[in-house]
Amino acid sequence: MSSGGLELPPGDSSHEGGPADAPGGVPGGAPTGIPAGTVSLAGGPAEAGSAVAGAELDWGAEAWSEVRTRAQRAGRAYIWLNLIEQRLRSVVGAVLRPIYEPVHGGDDWVVAAAGPAGQEWVQRAVAVREVSRRKGYLLDSADDNVLSFLTLPQLRELMVQHWPCFEPYFDDRREIELALDELEVTRNVVSRNRALSRPVLEQAERASARLLEVLGGGSGSPAADRLPIDAVEDLVGDRYADVVSVHPDRVRLQRNLPAEDLFGGARRLDAIGIGLNLLVQNFSGRRLVRLTEAGCRVRLLFLNPASSAVKRRERELGLRKGELSRSVEMNILHVRRVRAGLRDPSRFEIHVFDETPRFTAYLVEGQSSGIAVVQSYLRRARGMESPVLVLRGGGRGVPKDADHGLFQTYREEFESMWEDSRPVS
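Using this note's numbering, the letters of the sequence shown correspond one by one to residues 1 to 425.
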């Protein structure tokens, strides 16, 4: 195996590489047990019997696909790990610097805090910093300190050694250590550019989000808990306006964003569509009553079940005559009963429109941010089968330009339709 990671042709059995009868090997020392069809990203061995000398350098479509998958997962994991390391470095510096720096001064406070148990790795960090200085690798003067050269395990060690100093700020040491244990697997894989499976990546993301919350790096916004802004969205979200996820159908949307998470805690709920099944059939009437009584303002805009647009939609979907209109009528009757049970029915408005339905949208706004679920109506597909866009509305902690977002576009469309609609008595 060369230093570039490419496998060289097997040499003569009399040279290094192992004899022909070496245990677990074949002539030339080639390993056995490689499944047929396995793609080696290091440029696997040439086919048996091939007369072409040298390594095979070309990658096929399968190999390129695997490379992209690895890079995408590793990149996402790296962003989370980077966030955790920066946050932990800030916490360690804020807690331990005031204790050790007045006595030891400068960067020696890190050496003193590490103590005899950490003398080896802290001296290694000092040496790496000196090399970085000489070679011009320190591009930001803020990084010219020993603390910036400590890795995640070393920062964890400092925290564990001095837990009495951190205890006044954090309740559960065990939770922090467990989260860091989960991240260590991902860190090891990413640092060595090995394959990262999806379950491990998802575990790392959950552990990172939990750890940031424990360390005080969360948004602190109740609305954000429904659809938290993750590290990747912060970096690349502007490429996709305010679209934060896309689902092939509503079933998969509800697996990732249940109705309770979508509507629970809303301060303002505006919905437009044919029958609004996502709300009516997945969020109980009692929950709607409690939501409204807690201060949420609700405006629901249904397609008029007596309009010609309903009949056209029935023909498009191949439904029996009157089937869709009865379904919409039942949904309207349900929300009317909900409204009748409110102390202040004026906060729960129900309207109908007679135009051709173009989309269904649920615009849910909390105290500081909003979420929208939007679906276009396809000619032969019902709402449950149509693709879904999830949009994030503007608010505190949302790094989006409202002028280029889709949330505001659908908000304006809703308001226009609402003005032309008629109230349901």
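For the record, the hints were derived by calculation from the structure and aren't laboratory data.
Quick reminder that beta carbons are idealized off the backbone N, C-alpha and C, glycines included.
Among the hints, a few may not be true.
Claimed, not checked - Derived CB-CB ranges, DEER-like:
| no. | residue 1 | residue 2 | range |
| --- | --- | --- | --- |
| 1 | Glu177 | Arg97 | 50 to 60 Å |
| 2 | Arg268 | Glu213 | 24 to 34 Å |
| 3 | Leu342 | Gln281 | 18 to 28 Å |
Now for the hints, and whether the structure bears them out:
1. Glu177 - Arg97: 50 to 60 Å: violated, 22 Å
2. Arg268 - Glu213: 24 to 34 Å: holds, 26 Å
3. Leu342 - Gln281: 18 to 28 Å: holds, 20 Å
When each numbered hint is compared with the structure, a violation occurs for hint 1 only.
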